[in-house]
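Asker: Given next are the chains, with one letter for each unit.
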Amino acid sequence: MAGANVVLLDFWPSSYGMRVKIALAEKGISYDCKQEDFGAKSSLLLEMNPVHKMIPVLIHNAKPICESLNIVQYIDEAWNHKPSLLPSDPYKRSQARFWGDYIDKNVYNSIKRIWTGKGDQEECKKQFIECLKTLKDELGDKPYFGGEEFGYVDVALVPFTSWFYTVETCGKLSIDEECPKLVAWVKRCMQKESVATALPHPHRIYAFALQYKQTHGVE
Amino acid sequence: MASESSEVRLLGKWASPFSNRVDLALKLKGVPYKYSEEDLANKSEDLLKYNPVHKKVPVLVHNGNPLPESLVIVEYIDETWKNNPLLPQDPYERALARFWAKTLDDKILPAIWNACWSDEKGREKAVEEALEALEILQEALKEKRFFGGENIGLVDIAANFIGYWVAILQEIAGLELLTIEKFPKLYKWSQEFANHPVIKDGLPPRDELFAFFKASAKK
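Those sequence lines, one after another, are chains A and B. If you count by full-length UniProt numbering, then the first sequence holds residues 1 to 219, one letter each, in order. If you count by full-length UniProt numbering, then the second sequence holds residues 1 to 219, one letter each, in order.
Treat the hints with care, since some could be wrong.
[As the list claims (entries may be wrong)] In silico PhoX-like links for lysine-lysine, alpha-carbon gap of 25 Å or less:
1. Lys126/A to Lys49/B
2. Lys92/A to Lys102/B
3. Lys102/B to Lys125/B
4. Lys56/B to Lys105/A
5. Lys112/A to Lys142/B
6. Lys105/A to Lys142/B
7. Lys27/A to Lys192/A
8. Lys49/B to Lys142/A
9. Lys55/B to Lys125/A
10. Lys112/A to Lys102/B
11. Lys125/B to Lys56/B
12. Lys142/B to Lys53/A
13. Lys133/A to Lys49/B
14. Lys55/B to Lys133/A
[Said to hold, decoys possible] Listed next, the stretches of chain B that the computed footprint assigns to chain A, with coverage defined by at least 3 CB atoms under 8 Å from CB atoms of chain A:
15. 55-68
16. 97-110
17. 185-194
Please keep in mind that the hints were generated in silico from the structure rather than gathered at the bench. Note that the Cβ used here is the ideal one computed from N, Cα and C, for glycine as well.
Between the sequences and the hints, there should be enough to build the whole structure, so can you do that?
Answerer: Below you can see the structure in the form of structure tokens.
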């Protein structure tokens, strides 16, 4: 499949966008990446995702696919060569979808509340750590959430780790102390080229967060 | 072969549209199952064992393996019992179906729920958002009989709240949200949905549902 007909609408600090980049890289798909400016969304974005007007959007053969985990599943199905991102067994596949859904519902919000300083900070930090511990328990002794192989749940979670430095600095907490097993998993994932290329350096994310807080008066 | 190995159990709540989605999927596939009604004020040991993360219904237990989250369960049912497919074969069409199912949960259902339970102060805005949500959903239906095309599919099941619960809730709230005048195509779909021979038998009795929500409204 030629690269010209795969376009990704992205915003570089977005963990959701990173998920798609990792999936595309894992499958060896070349694509054109267009950065969106959240202050002024492009007409292409508004046309391709009129319902939510959000990135990421994958445009394949001029047809848009929206919602990051939906896009990851689409990539796995439309380019069904190895590596497979989802397990072949229906029960294991459903478990992967369950954890993807859990990460969607819990991780982004708990991270955002800490770095924007909104809400009861002690409560926010407690919830964040509990969420990490639940995920750590699910990981268990496996090298990846997918088992021996990197997979869908790893793709769903690892982008948020580029925000860990920001959370630790703003929230004054140490994720290494609270969840060393998860930190070990992050290091393992970062050895994969698809992940290392897709994730911005944590300090860049932190600089973005500080600028966002200043611009939006969230101090 | 032990009877355990083909045992399908559903832990659910009769008035819950989420729980009902699983009933509908199992009935459409002709899968026999045992149903246990959960009292959410007094959660059973089984519920806590099978859904330790969220402690919510519905939970499907198949061959002793538990699976929570209604949309994850419906996809699992579709992949395990291959008759009467609920999702299309084509990856792009599948991605569209998943997108609409998720949009129903993330955006459309909450907008309608909020409108029906809103107080005086927030009512106007909530109703406006609910009407916008229904408009978006109607556009997705286009000229099809069901969201799934000629047959009931994942999105129809995910939209059961719209197809059946909304009529009851809007009457209790004294609102006119889904009406034939405002949304002729969606209204027609809701009638086709609720009168579909298999779906009809799978929905909770209207009078009981009305009484249940009316009692909740008084609190």
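Asker: Does lysine 49/B pair with lysine 142/A here, judged by a C-alpha cut-off of 25 Å?
Answerer: holds, 22 Å
Asker: For the pair supplied as a hint, lysine 92/A and lysine 102/B, is the alpha-carbon distance within the 25 Å limit?
Answerer: holds, 20 Å
Asker: Check the hint pairing lysine 133/A with lysine 49/B against an upper bound of 25 Å on the C-alpha distance.
Answerer: Holds: lysine 133/A and lysine 49/B sit about 18 Å apart, inside 25 Å.
Asker: Can you confirm whether the C-alpha distance between lysine 142/B and lysine 53/A stays at or below 25 Å?
Answerer: holds, 21 Å
Asker: Within 25 Å, alpha carbon to alpha carbon, are lysine 125/B and lysine 56/B?
Answerer: Cα-Cα ~30 Å, so violated.
Asker: For the region 55-68 of chain B, count the residues whose Cβ lies under 8 Å from any Cβ of chain A; is that count three or more?
Answerer: holds (count 4)
Asker: Within a Cα-Cα threshold of 25 Å, do lysine 102/B and lysine 125/B meet the stated pairing?
Answerer: Within the cut-off at roughly 23 Å; holds.
Asker: Can the restraint linking lysine 105/A and lysine 142/B be considered satisfied, given a maximum Cα separation of 25 Å?
Answerer: violated, 30 Å
Asker: Lysine 27/A and lysine 192/A: Cα distance at most 25 Å?
Answerer: holds, 13 Å
Asker: Against the 25 Å threshold, does the CA-CA distance of lysine 112/A and lysine 142/B hold or violate the hint?
Answerer: violated, 37 Å
Asker: With a cut-off of 25 Å on the C-alpha distance, tell me whether lysine 56/B and lysine 105/A pass.
Answerer: With a Cα-Cα distance of about 15 Å, the restraint between lysine 56/B and lysine 105/A holds, given a limit of 25 Å.
Asker: Given the hint that lysine 126/A pairs with lysine 49/B, test it: the Cα-Cα distance must not exceed 25 Å.
Answerer: holds, 24 Å
Of the numbered hints listed earlier, those contradicted by the structure are 5, 6, 11 and 17.
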